[in-house]
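With the hints as extra help, turn the sequences into a complete structure.
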Amino acid sequence: MEMLTYKILLCVIVFALSLGIAAYMTWGERKIAAILQDRVGPNRAGPLGLLQPLADGIKMFMKEEMIPGQSNKWLFILGPSFFMLTACMTGVVIPWGSGITVGDTVYPMQITDINIGLLYLLGVVSIGVYGIMIGGWASNNKYSLLGALRASSQMISYEVAMGLSLIALVMTTGTLNLGEIAAQQDAGWANVVYQPLGFLIFLVCAFAETNRAPFDLPECESELVGGYHTEYSSMKLGFFLFAEYINMFISSAVMATLYFGGYNFPFQHALGLEGNWLAVVQTAVLFLKISAFIFLFMWVRWTLPRFRYDQLMNLGWKVLLPLSLANIFITGIVMWLTGKLG
Amino acid sequence: MTTLTQRSKTVSVRKLSLSERLYLPAILKGMLITLGHVFKRKPTIKYPEEQREFAPVYRGQHVLKRDEAGAERCTACGLCAVACPAEAITMDSAERKKGEEHLYREEKYASIYEINMLRCIFCGLCEEACPKEAIFLTDRIVPSSFTRGEEIFGKDKLVETPDQPIDVSKRQEAGLAAFKKNKQHYHNRTFRDARPGVAAH
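Protein chains in written order, with the working numbering: chain S, 1 to 342; chain E, 1001 to 1201.
List of simulated lysine-lysine pairs, DSSO-like, C-alpha gap at most 27 Å:
(1) E:Lys1015 / S:Lys318
(2) E:Lys1015 / E:Lys1029
(3) S:Lys318 / E:Lys1029
(4) S:Lys59 / E:Lys1046
Simulated from the structure, these hints should not be mistaken for laboratory data.
Keep in mind that this is a model prediction, so the values were computed, not measured.
Written out as structure tokens, the structure is:
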């Protein structure tokens, strides 16, 4: 019973945290964009413009709610809701820390430690595309439909390579359990040392899955107006944009957990920290890693131009897919040679 | 074939080399370039707090000056309106009544004096034309407004208040001052400094 209240509390904390971080990522995005372009960025709302996300949120709520007359109203509302829902669902399997001990019970910093965590993650991520598809289709607008088509074909194409790059990781770690994968990296090296190519493929696919530049074709402003969210306004548009930031936060957390040691950091046991204190520092380190990945996302966005659609498809099917297959093959051979195949 | 200019460039559609098709070297190069901009000085001037330094001859919002006793200098002669290339100035004149001597310097004054700030091109010809040293362009920026009507400035915004005189000396650099001193307006001269032969209108 006590555990249940703790889990519910943790759920609320993770939910609130991902929303809060997503809100401040919009601020960070604008600030980083400004800095990379020799500008100052938002600096009027509060010190350093820190109240800007709040102002943006109020603006979103105040805007007029538009539902196109020819659209399918229920699906039109369902689209952004679904996208937001799936974005928030992914956070539950990520181990945010090693666990806090109070008395005899260990409170794990992970909402649910299911043994198919990785599979769950991939499943929820691929459901996410339905939000975009439903939203784009229900708008009854050619631009929205094109955006939605692009989004779905792009996400399906890159999910293949993403899944295959994860298979190589599963081969080396021998588990689909995210908590276990994170714990394994305490003893040995971070997984990126064993799977550099796999990480690179996963990184590229993560950019494509979150619809970030240079793969932001679904919302391609220059040719599709706003892509799948052309017809959206007010907080429904806010949901689409917000969910994208949550997706970015979660994929940063996943990359940090899978390939960069999760909450572990080098020489953590040489610090002389005990139990709970170490756990707190570990969580802080995990969030540091996540911030680094988020910065990478933004840095890339403000550097690279958008891919052309045929280049996108070529890269997905002709480069990343064979590479990830080769990665599996090489991983298998190396494991066989080193006698790790049991 | 002879080309008209030397500027045309030949383009080729060669296949990309392997390193180019990998994208990654080019991406890293680009990312280093953007990273370099993090450490660059920002040219932004944060306007309300900081202000760009104005040139000494900057021509901004007009002011209608008063004389030393606090009476309005403008006599509604209309020369500024005639000189104005944008036709931004309109005025109406009235006769000074008895007991208003402390308000208006001459017998005639401008009862209405309006400048349309949307039409004004801030050329300063009104200032040049003025025989009474009444209108000057200052270093103040014309404030923005939500309606066009607000941009038509009447006497309430143009005439300086007696206790807060607007400093117009900044623009009066040597050349301009000399030009103004030698302005050949008959009515701008007192009997004493009128040179023989010039004031014989």
